[in-house]
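**Q** Protein chains in written order, with the working numbering: chain U, 367 to 671; chain Y, 16 to 342; chain A, 11 to 332.
It is possible that part of the hints are untrue.
Unchecked claim - If you anchor each label on the Cβ, the simulated ranges turn out as follows:
#, chain 1, residue 1, chain 2, residue 2, range
1, A, Ser286, U, Leu489, 44 to 52 Å
2, Y, Leu25, A, Ser184, 52 to 60 Å
3, U, Pro386, Y, Lys247, 36 to 44 Å
4, Y, Lys99, U, Trp577, 42 to 50 Å
5, U, Leu387, A, Ala90, 55 to 63 Å
6, U, Glu629, Y, Val151, 25 to 33 Å
7, Y, Val151, A, Ala281, 40 to 48 Å
8, A, Glu216, Y, Val151, 50 to 58 Å
9, U, Leu379, Y, Thr204, 39 to 47 Å
10, Y, Val29, A, Leu210, 54 to 62 Å
I should point out that these hints are in silico values taken from the structure, not numbers from a laboratory. A virtual CB, placed ideally from N, CA and C, is assigned to each residue, including glycine.
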Amino acid sequence: MNALKRFKDCYFLYSFLRDPLAVGSLAVLVVLTVAAFAAPLIAPHNPYDPATIDIFDASTPPAWTPEGSEKFLLGTDAQGRDILSTMLYGMRVSLIIGFGATILQAFIGIIVGLSAGYFGRRLDALLMRLADVQLSFSTYMVAIFLGAVFQTAFGMANYETFAVPFLILVLGLAEWPQFARTVRASVMAEKKKEYVEAARVIGLGSRRIMWRHILPNTLTPVMVISTVQVANCIMGEAALSFIGLGMPITRPSLGSLIKAGFEFFLSGQWWITFFPGALLVLLIVAINLFGDWLRDFLNPKLYKG
Amino acid sequence: MFAFIVRRILQAVVVMAVISCIGFAIKHSFGDPVRELSGMTVSAQERERLREELGLNDPFLVQWGRFLKGAVHGDLGMSYLYKKPAMEIILGKAPATMELVIAASVIILILSVPIGIYAAVRPRSWLSRFFMGVSVIGVSIPVFLTAILLISIFSVQLGWLPSFGRGNELTPLFGGAWMSGFFTWDGITHLVLPALSLSSIMLPLFIRLIRAEMKETLEAEYVKFARAKGLKPWRVLVVHAFKNTLLPVITVGGVQLGIMIAYTVLTETVFQWQGMGFMFLEALQRSDVSLMSAYLVFVGFVFVVVNTVVDIVYGLVNPMVRIAGRK
Amino acid sequence: MSDEPLLDVSDLTVSFDFRRRSLAAVSGVSFRLARGERLGIVGESGAGKSVTGFAILNLISKPGRITGGTISFEGRELTALRAEEMRQVRGNRISMIFQDPMMTLNPVLTVGTQMVETIRAHAGVSRRQAEERAVEALRKVYISSPERRLRQYPHEFSGGMRQRIVIAIALLTSPALIIADEPTTALDVTIQAEIMDLLLKLCESERMGLILITHDLAVVSQVTQRIAVMYAGRIVELGETARIVENPSHPYTRGLLAALPQSAARGRRLAQIPGSMPNLTTVPAGCPFSDRCERCESVCRERIPPLTAKDTGCLAACHLLD
Chain U
367 MNALKRFKDC YFLYSFLRDP LAVGSLAVLV VLTVAAFAAP LIAPHNPYDP
417 ATIDIFDAST PPAWTPEGSE KFLLGTDAQG RDILSTMLYG MRVSLIIGFG
467 ATILQAFIGI IVGLSAGYFG RRLDALLMRL ADVQLSFSTY MVAIFLGAVF
517 QTAFGMANYE TFAVPFLILV LGLAEWPQFA RTVRASVMAE KKKEYVEAAR
567 VIGLGSRRIM WRHILPNTLT PVMVISTVQV ANCIMGEAAL SFIGLGMPIT
617 RPSLGSLIKA GFEFFLSGQW WITFFPGALL VLLIVAINLF GDWLRDFLNP
667 KLYKG
Chain Y
16 MFAFIVRRIL QAVVVMAVIS CIGFAIKHSF GDPVRELSGM TVSAQERERL
66 REELGLNDPF LVQWGRFLKG AVHGDLGMSY LYKKPAMEII LGKAPATMEL
116 VIAASVIILI LSVPIGIYAA VRPRSWLSRF FMGVSVIGVS IPVFLTAILL
166 ISIFSVQLGW LPSFGRGNEL TPLFGGAWMS GFFTWDGITH LVLPALSLSS
216 IMLPLFIRLI RAEMKETLEA EYVKFARAKG LKPWRVLVVH AFKNTLLPVI
266 TVGGVQLGIM IAYTVLTETV FQWQGMGFMF LEALQRSDVS LMSAYLVFVG
316 FVFVVVNTVV DIVYGLVNPM VRIAGRK
Chain A
11 MSDEPLLDVS DLTVSFDFRR RSLAAVSGVS FRLARGERLG IVGESGAGKS
61 VTGFAILNLI SKPGRITGGT ISFEGRELTA LRAEEMRQVR GNRISMIFQD
111 PMMTLNPVLT VGTQMVETIR AHAGVSRRQA EERAVEALRK VYISSPERRL
161 RQYPHEFSGG MRQRIVIAIA LLTSPALIIA DEPTTALDVT IQAEIMDLLL
211 KLCESERMGL ILITHDLAVV SQVTQRIAVM YAGRIVELGE TARIVENPSH
261 PYTRGLLAAL PQSAARGRRL AQIPGSMPNL TTVPAGCPFS DRCERCESVC
311 RERIPPLTAK DTGCLAACHL LD
């Protein structure tokens with residue numbers, strides 16, 4: 367059993383290393399994540415510290431342009447903050463929200479999917495109908511409304527303080543049906559198999575059968591969806607930020623940096639928008655490429671939407 | 016079949032009732048109808064009198080019932096921001112959004128069908144690989160970034176196309192209820208960039224969907240049999256293979272087209288397109304809760320209608336479902 | 011003209027190209043078919059029977075392709091035809107019947123559409139005329155009220171009826187040859203005989219050639235005049251049906267016949283051929299059957315035996331029979 371597992375791990379590694387796109391995307395992902403979380407150490411400036419920001423530095427173009435300053439490699443924004451530093455800090459915020467929201471989605475989705483698939487009948491019909499309606503309603507629209515309601519309910523000031531947990535909650539609540547449907551589908555498939563029947567015959571409780579026997583078998587599709595969902599959540603957060611329902615500009619994510627830059631975009635200050643935008647795309651492309659490889663490799667039967 | 020349609024419509028009605036309940040709950044909890052009506056601060060006594068007069072002290076369910084009754088008649092309350100019925104505002108803005116969605120859908124259909132089929136038939140050609148590579152990057156670029164990119168190229172650098180608004184030469188249709196940009200050159204040029212950026216989010220999805228379904232049907236026995244019958248290649252491809260991919264494409268695609276309405280909020284923001292999404296953000300910034308909940312109910316209605324229609328079309332197109340319904 | 015064979019397949023080789031190497035699914039297959047003659051191609055699954063059938067119509071799916079040999083049909087070389095010329099042969103002069111009638115008919119098109127399009131792909135007739143011919147063909151295969159049936163979808167028919175429709179489609183253009191790939195395998199046992207009888211009767215009355223591809227020696231012996239036994243991509247025995255069934259030469263054919271239920275005495279166990287057929291990557295050098303052959307000698311492991319005439323009056327590929 368152990369040897370078999372080792373062999374599988376080996377094959378996993380082998381086919382991973384054979385695919386340059388997969389290796390490349392994971393490498394980019396690791397570098398970006400490390401850079402984001404090491405932002406306080408490696409960023410040239412601290413954009414959260416008002417003392418270091420000088421309004422006279424505002425809107426400096428990148429260092430290689432004629433008006434650029436060596437102090438700011440990628441230039442500064444309208445408030446005089448170093449773009450490179452705000453990008454690193456912003457990416458950290460984006461990643462925290464992306465991972466946090468995905469974990470929340472997976473949590474809700476697994477619970478709902480397991481109960482729907484295992485207990486079946488009425489509960490299944492009700493939960494899946496709910497998932498259908500919410501999916502058909504567009505996850506992004508749901509997120510916009512949830513964000514709007516939160517913002518109206520708690521007021522702008524409070525909203526800014528709790529923006530990160532709010533956004534995790536909003537995105538988590540908006541996109542759980544993906545997980546729920548997939549988990550349910552694999553539970554339905556597993557349930558028919560003999561070992562579940564056997565577990566029931568020897569008198570194991572339903573909760574034990576679910577957690578110890580069925581859940582492990584649903585983890586492959588969950589893993590595949592998770593990678594895609596991290597990318598989706600980061601995009602979702604950026605989109606919410608862009609319409610003013612996401613991170614405030616005082617604690618910017620990549621999305622709110624782009625939004626802030628867009629105001630100055632048409633007046634020629636392209637760098638405020640361009641660099642965070644490019645970083646966002648790079649991050650998402652890397653996650654998606656890695657996710658594609660993972661999906662092709664693990665090849666689970668995903669629920670077709 | 017009839018029973019199937021009735022059941023589907025009943026479901027839609029239930030979903031609509033739930034949405035209206037949510038919409039009303041938002042309005043009930045956060046809105047201030049007195050302010051919406053009078054527009055200014057009034058004394059506490061006056062306020063209480065107004066509240067009583069408007070029935071705001073009635074139980075929640077009674078008020079919801081009243082809201083529902085109004086909604087069925089097209090009355091979704093007053094907008095504080097515009098000082099007009101919310102429904103009137105939304106109906107005034109809806110054509111702009113609808114034209115954007117229609118234009119984007121047309122772009123998607125025109126591009127995704129041939130590209131998807133081509134990529135399925137010749138999966139190894141470099142052109143297919145190029146399309147698939149672009150589509151991976153395409154799904155990874157947020158729609159507002161695409162919009163900004165398009166503006167910077169076609170408006171700022173080349174100066175070919177306008178970067179915001181719908182232009183000044185709109186054609187009134189239906190006695191002025193629908194101001195259309197489809198009929199003038201000015202209107203079309205204003206439409207191009209917003210529609211392109213809106214389509215960019217769904218285009219890769221459609222290409223991948225059509226390619227995947229097409230690849231599956233091309234492997235099917237009946238496609239081999241069609242070839243063995245000596246049919247012309249285009250007939251095998253279009254009538255035998257593509258017709259079978261239509262079903263999943265309609266079900267997934269129909270819903271996705273509905274979902275595009277959500278993304279109009281983003282495109283309309285970037286292009287200052289005077290549609291419903293732009294209006295919603297305005298309402299949000301000015302805390303016009305009444306207009307916000309009206310938008311929720313209206314958009315919810317559109318989604319539900321689209322989904323129901325897609326399901327029923329699916330039922331009509333799919334002979335299997337049709338038989339099951341007849342029994 | 012009359013002694014020219016309808017079909018002459020010579021040294022046909024079909025290979026599948028994979029990333030590292032190319033594997034032959036069919037190698038050096040040769041046989042002839044006279045006008046109106048019925049030939050059975052027998053073998054286990056994976057022996058290359060179906061690939062041979064598809065190769066005649068040049069319909070092998072990628073990554074497979076014909077890498078050698080000639081296929082001459084009605085005096086024309088099929089492997090040299092351009093795509094459009096080949097299309098005009100398919101479904102017109104040579105029709106094909108597939109294994110599973112549940113999968114062969116397109117679920118979203120009516121039976122009528124699928125019949126009419128076949129006629130109109132090969133003859134410039136009006137829709138009305140084509141429909142009349144379709145009705146006629148459905149009558150030939152005993153489908154009642156054919157006019158009404160034309161408007162129906164495949165799922166409204168039973169499996170046996172669908173296969174009859176597939177046969178009717180094959181008949182539409184009065185072909186000179188029908189290739190039937192396991193036409194009864196997917197059907198109920200009771201319907202199998204009915205479909206086989208129908209096919210046999212139609213071939214006789216329309217004087218059509220038939221290549222019947224099957225793993226079932228019993229069926230072949232009732233329907234065909236000659237048999238080709240295939241093993242691992244090669245023909246190992248070829249000859250008149252009666253002779254082969256009575257007196258098989260090749261050890262593999264003997265094994266196949268011994269494994270038939272009717273050849274075993276009552277109460278005895280059925281005979282088995284030990285082992286299983288090699289797949290494309292594990293075909294032994296020398297005689298492909300050597301690993302499973304009871305009489306295998308050293309020469310069998312070294313050289314591939316050629317297909318030569320034996321005392322039994324059949325052609326067989328075996329070193330030990332000379």
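**Q** Taking the hints in turn, state whether each one holds.
**A** Hint-by-hint comparison with the structure:
no.: 1; hint: Ser286/A <-> Leu489/U: 44 to 52 Å; in the structure: holds, 48 Å
no.: 2; hint: Leu25/Y <-> Ser184/A: 52 to 60 Å; in the structure: holds, 55 Å
no.: 3; hint: Pro386/U <-> Lys247/Y: 36 to 44 Å; in the structure: holds, 41 Å
no.: 4; hint: Lys99/Y <-> Trp577/U: 42 to 50 Å; in the structure: violated, 56 Å
no.: 5; hint: Leu387/U <-> Ala90/A: 55 to 63 Å; in the structure: violated, 42 Å
no.: 6; hint: Glu629/U <-> Val151/Y: 25 to 33 Å; in the structure: holds, 31 Å
no.: 7; hint: Val151/Y <-> Ala281/A: 40 to 48 Å; in the structure: violated, 57 Å
no.: 8; hint: Glu216/A <-> Val151/Y: 50 to 58 Å; in the structure: holds, 55 Å
no.: 9; hint: Leu379/U <-> Thr204/Y: 39 to 47 Å; in the structure: violated, 54 Å
no.: 10; hint: Val29/Y <-> Leu210/A: 54 to 62 Å; in the structure: holds, 60 Å
Hints 4, 5, 7, 9 from the list above are not met by this structure, while the remaining hints are.
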